[in-house]
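K.L.:
Spelled out, the chains give:
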Amino acid sequence: MNPLFAMYVTERLVRLSGVDLAIIVFYFALVLVIGFYLKRFANTGEDFFLAGREMTAWVAGLAFVSANLGSLELLGWAGSAYQYGIMAAHWYWIGAIPAMVFLGIVMMPFYYISKTHSVPGYLKLRYGSEASGLSAITFAVMTILMSGVNMYAMAVVMKVVLGWDINFSILVSSLTVGIYVAAGGLFSAIFNEVLQFFLIWFGALLIPILGLIETGGWSGMVARIHQNFPGQDFTHMWRPMSSPANNPMGMYWVGIVFGLALVQSMGYWTTDFLVVQRVLSAKDIRSAKMAPIIGSYFKMAVPLIVIVPGLLGRAVLPMHLMPASNIQAGQYSYNEVLPLMLARYCGPALLGLGITALIAGFMAGMAGNVSAFATVWTYDLYRPYLNKTAPDKHYVSMGRWCTMIGLFISIGTAYFVMHFASIMDYVQALFSFFIAPLFATVLLGMLWKRTTRAAGFWGLLAGTLSSITMFCLMKFDPEHWVRVFALSPLAQPLAQDMYQSLWSCVTCVVVTFLVTLVTKPRPDSELVGLVYSLTPLAKEEHTSFWHRPVVWGVIALILLAILQIIFW
Amino acid sequence: MSEKHHIIPVWFFVGVLLLVYGVMIFVSGLTEWSHPPDTVLAELHAPVWWGMLLIVLGSVYCWMFRPGRTTN
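Order-wise, the sequence lines are chains A and B. Counted the way the working numbering counts, the first sequence spans residues 7 to 574. Counted the way the working numbering counts, the second sequence spans residues 969 to 1040.
Okay, chain A solo, but in the shape it has when bound (with noise of 0.2 Å):
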């Protein structure tokens, strides 16, 4: 049956009683009041597009993980968890904890040192405008499509839980956040950001507390998944990873280490404007380099509130979840397992909160995106291409304008996410295309100063397009091309991402290193504030030690190595 379809024939979980709407709406009062009241501190152009860069570590650090803490993650990586298991945590803490910390220690200080308000801003002071536009162009396909994968999370959610008309709820929310973004820009995207955090622990942690009183503790849980699903490693992170039969995902612990944690993790953490432009937000160099060590200590909390429910799922659900793609009338897809345990634990004002940290997260995800498109469209194609000379104000105005615009388009694309499988699937799939050669290229533009203008933009070339078609090559003859590319015929979507971005990274850097060995070098004097070895960074030597951003990079990675021994 097709997705579409089924969703209209599924009965809904629960009926809400009148606490629970009533939680619901104060939600939706507070944002537009709070983005009312911001409206009048978004003047400028660092106003509105960097919040006036005077955030501090921890309210930038709060809104850099929950920029990437949305319905998407929530609905999406929880199905991934009852899909593969608990391998799926691999992307919460080897796939983002040591990308954190290397954008907060090594990173942080090229992006705020530069001064630039965006990623496609820094390629353009390091390559100039051939790279910078495609990087910009890329970055707004993204934004719009990721935002149309936020909005189908949120159709998930009204379908199954609510069986809420999907047309409806998608449109009130989206008008929300974009007068709440257009308000008071990137103020209101951070504001509501922490407060979605907040509501999404609170709103979701009552799953795995009640769940594990239920099983009788993680052992029990563990008893009851192989009870229910004799022959299968649902429970191990790395054990069954020494060969692709031996794990539901189909691959190797190589395409974890190096695809995931060296490539994909890193370009993400790194390079994606959405995460990035709230690091940038923050009201000194030492706060920028805190805020992502921050958060690198709650994203290693998230598996919590996310993969335990997957797990649970697993556990202590009567009926067994289906791919959305093969679903028949009556049954659940995988990214319906999280709505399913809220039903089974919360009853009213409960799930009233839960149901409202679904649609925060979703609107956060929603508002993280068009406040990064508003601000790459604005000063990355806008103001270089089609308005060089405009005063600050106008620019303003085009950022709202766009945040509305942005919104509408964004809308059209939630239909497109719905042929997926997996909504992870199509996200980790959007990435592979522009974001791992990303990385590639600005990494190699702040540590080699040989790099060049030519190398920087037909590296990245190179990069996008591989991807590109490798995807499609495994879409369409996924027999040959799986095997060649993700190197086992088991490999699955998840798994197939990995080697994607793997091998997008490794043609941007041949291809960077080839071009940039026929072509000419800036002089060093232009490079000063843009590539490691010619500028002079902050010493710390002042900063008593428990101040230091490095010492609790280091804890965090003590911290995720702790983990991945106990659930090795």
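Treat the hints with care, since some could be wrong.
Short, incomplete list of chain A residues facing chain B, as computed with Cβ under 8 Å [stated by the list, open to error]: (1) V25; (2) A28; (3) I30; (4) I40; (5) F47; (6) F204; (7) L216; (8) E220; (9) Y351; (10) C352; (11) L356.
Since the hints were derived computationally from the structure, they do not count as laboratory data. Virtual Cβ for every residue (Gly too), placed ideally from N, Cα, C.
Start from chain A and add chain B according to the hints.
P.N.:
Positioned in the frame of chain A, the structure of chain B alone reads:
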């Protein structure tokens, strides 16, 4: 949080949100005490203690970050 603009700290809004939701959830939990909903582990009365937790945290945030109090 703000040095240039003197914006009310976001933590105050977090406090308001938690406090209002805490009261709603706590009261709802009390009203359904004698006839709990048809959910798993309803006998634990999760809304009552979860609502109390939100009320306490919300009150602390509202007090510590109330408008007019300098935090930075």
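K.L.:
Would you mind marking each hint as holding or not holding in the structure?
P.N.:
Hints, verified against the model:
no.: 1; hint: V25; result: holds (5 Å)
no.: 2; hint: A28; result: holds (6 Å)
no.: 3; hint: I30; result: violated (11 Å)
no.: 4; hint: I40; result: holds (6 Å)
no.: 5; hint: F47; result: holds (5 Å)
no.: 6; hint: F204; result: holds (5 Å)
no.: 7; hint: L216; result: holds (5 Å)
no.: 8; hint: E220; result: holds (6 Å)
no.: 9; hint: Y351; result: holds (6 Å)
no.: 10; hint: C352; result: holds (6 Å)
no.: 11; hint: L356; result: holds (5 Å)
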